[in-house]
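Residue numbers (our numbering), protein chains in the order written: chain A, 939 to 1147; chain B, 104 to 283.
No lab work stands behind these hints: they were computed from the structure.
All values reported here derive from a predicted model rather than from experimental measurement.
Warning: the hint list may mix true and false statements.
[As the list claims (entries may be wrong)] SDA-like cross-link-like pairs, simulated, lysine to any residue; straight-line CA separation at most 20 Å:
#, chain 1, residue 1, chain 2, residue 2
1, B, K261, A, S953
2, B, K261, A, T946
3, B, K261, B, L244
4, B, K261, B, S238
5, B, K261, A, Q942
6, B, K261, A, D943
7, B, K261, A, R978
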Amino acid sequence: MNCQDARTEMLAGGSSGALEGHLSGCRSCRSEQAAWARARVELSGSGLWEEPPPDLGARIERLLRDGKDEESTAKGGVGWLPVVAAAVLVVALGAVSWWRQGVPDWELVMASTVEAENGTAVVQGWLTGQGTRMVLDISGIQEALPGTYYEIWLTAPDGRHVSAGTFRGPGRVTAFAAVRRADFPRIWITLEEVDSDLGPSRETYFDTA
Amino acid sequence: MDPARMMRRLAAGDAEAVRALYDGYGRAVFVVCLRALGDRTLAEDATQQTFLQAWRAAASFEVGRDPAPWLYAIARRAAVDVYRRERRHRADRVDRFEDPDIVALPVSFEGMWEAWQVRTAVDRLTGEERAVIESTFFLGLTQEETAERLGIPVGTVKSRAHRAHRRLVAMLSHVREATA
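Chain B extracted, bound-state conformation (with noise of 0.2 Å):
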């Protein structure tokens, strides 16, 4: 579905928008949220809460723009608010005194917008780059052990790595321009 179809249908309260929207954007904000909780269970809530709010915020959306930067900050949000309810469990370290508007957030949530970027890339290769790059940089396969694994040649491995590392870096630069 394309992302203005897909928004103007959100913002209509179609519940299977949002679907088209977790498909496309599931994944890049489960990161964010694990990264930022440093929890799965955490993470599987904030990203619960995330989809349930961009639908309930959907009509506040302008349709034509990239969603990407919207459902960030909703993410980010969410997960703020699943740290804050886990630390108030936490009883015994909280402290009474503090102001609970001035949450310190752990380090944890410094690097979440570069983890977006990073995975929603990632997440706009095809199959075939994103296979060579994870293969790279997750599993740490050389290239001819990437060929192996794959079952395709060596020249193949380096042609998928370098059109996928290109498009990356467009994609980002394209992010990064986009938000400054």
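Excised from the complex, chain A in its bound form (with noise of 0.2 Å):
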């Protein structure tokens, strides 16, 4: 029997002697047999073939549409200001936009570790509606190696963590977390590794705490 007749039986669930001999001498053939016993476990499974909401995916969009729009509002000055208002009540209600607007609702210098020591990073954040947007300026740090990249967090005092997202290297780096800094209060940095350990790593970068 070749690995083509043996993987054809395999596959119609057949047990018979001639496929279990060709089984045993063929590495290539038993992994593929086991690596189909393992999913037709799976496949069995009934949670494999739950299904999500149907509006699910709109509600994503949706989330990402409002987000942007706050985003983009915020970058957009003071069109919405009709031009016809008296130069006293526009001056005004531009100050008050910035303020609202342009002005973070708090604003840090991030302390480096050793492991970025000419490195700086400064925070600046947004409580929004969903949570803490955040906009980073960071120099002075290496373009993260191939599999590894930096990750912001946010700690609570009891030492929950939020990942806040990633990026790759310096420069101005947009980040958000469905909490709110006042909840979450320490912001950090820390070098990963692609499919590593789920929690923050131990080469931290830089930290508010």
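Dock the two chains into a complex; use the hints.
Below, the structure written as structure tokens:
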């Protein structure tokens, strides 16, 4: 029996002596058989066939659009002001608008660690209806090597972590976390490996703690 | 939308690209989150977080690579975050002296990767192939019963089942090799 015949019989659920004989001497087909056996277990589990609610995709899209609208408004200045308004009123409203949309709710300089000896990281943050939006200006660090990336964390006093996003190197980074900074006051940046441990690594580059 | 174009648009902050990403992987993300969390509402929450985080982290994605492992890592992390949050809310079950960094995840998290692989592979089958696989494995029907249910000859069921099985094994082998 060749590999083609063996796999055809295997997929059909067969277990003839010829198949067993082939499998005992063919590592590739044994590997395929093991993969198929695991797949069969998964396929038979009812959870695999569950469907998300039909409107979930639209809800996600709406959330993003709302977030984007908020961001574009912040960048858009005072275009909505009536151009025929009295000059004093324009100035006053413009000033209020600039304060509300342009000025961050908070700004801080993160302390660099020995990992980022010459690094600087300045964070501006806004409290939004959905969480905390941040803009980080980062310099003095190397581009992350292939297979690694930097990750921004927010941490609560009780030690719970939330990831606010990832980036690859110095520059301006926009990040978001679906929590309030009042509840997660510590902000820190680590270097992570792709597909590694789920929690923050011990390679901290910047930290507000 | 081809994956490279989708990821380029995603990296550029295009919300429509998130919808395309959701159309391709939303079911798989939901399934693994549901498997991990065991609750549809929490799974919806984690799925939502996954795509929001993916959109925000898209700039760090290397266009040209398969987005599936990258998205899976985000989904798993989102599920862990939701799990930790819920665990925290159930104050009566939290040990105050336990280190919150060391969270023992329940057994339901262990099979997430395999569930992800199989579900993404199933979602890449054609509609006809998927119907046969679903009928066989989910509904537990025989090939004759599947033929009757789908209104096609038994021979067609057999050929579609065989083709689907082969494609599934090929896709699963590919994923396994790519992440080894």
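Cross-check of the supplied hints:
1. B:K261 - A:S953: Satisfied, since the Cα-Cα distance of roughly 18 Å is no more than 20 Å.
2. B:K261 - A:T946: Holds, at roughly 12 Å.
3. B:K261 - B:L244: The hint holds at about 13 Å.
4. B:K261 - B:S238: It holds: about 12 Å lies between the C-alpha atoms, which stays within 20 Å.
5. B:K261 - A:Q942: Holds, at roughly 17 Å.
6. B:K261 - A:D943: It holds: about 16 Å lies between the C-alpha atoms, which stays within 20 Å.
7. B:K261 - A:R978: Holds, at about 17 Å.
Hint compliance for this structure: no hint is broken.
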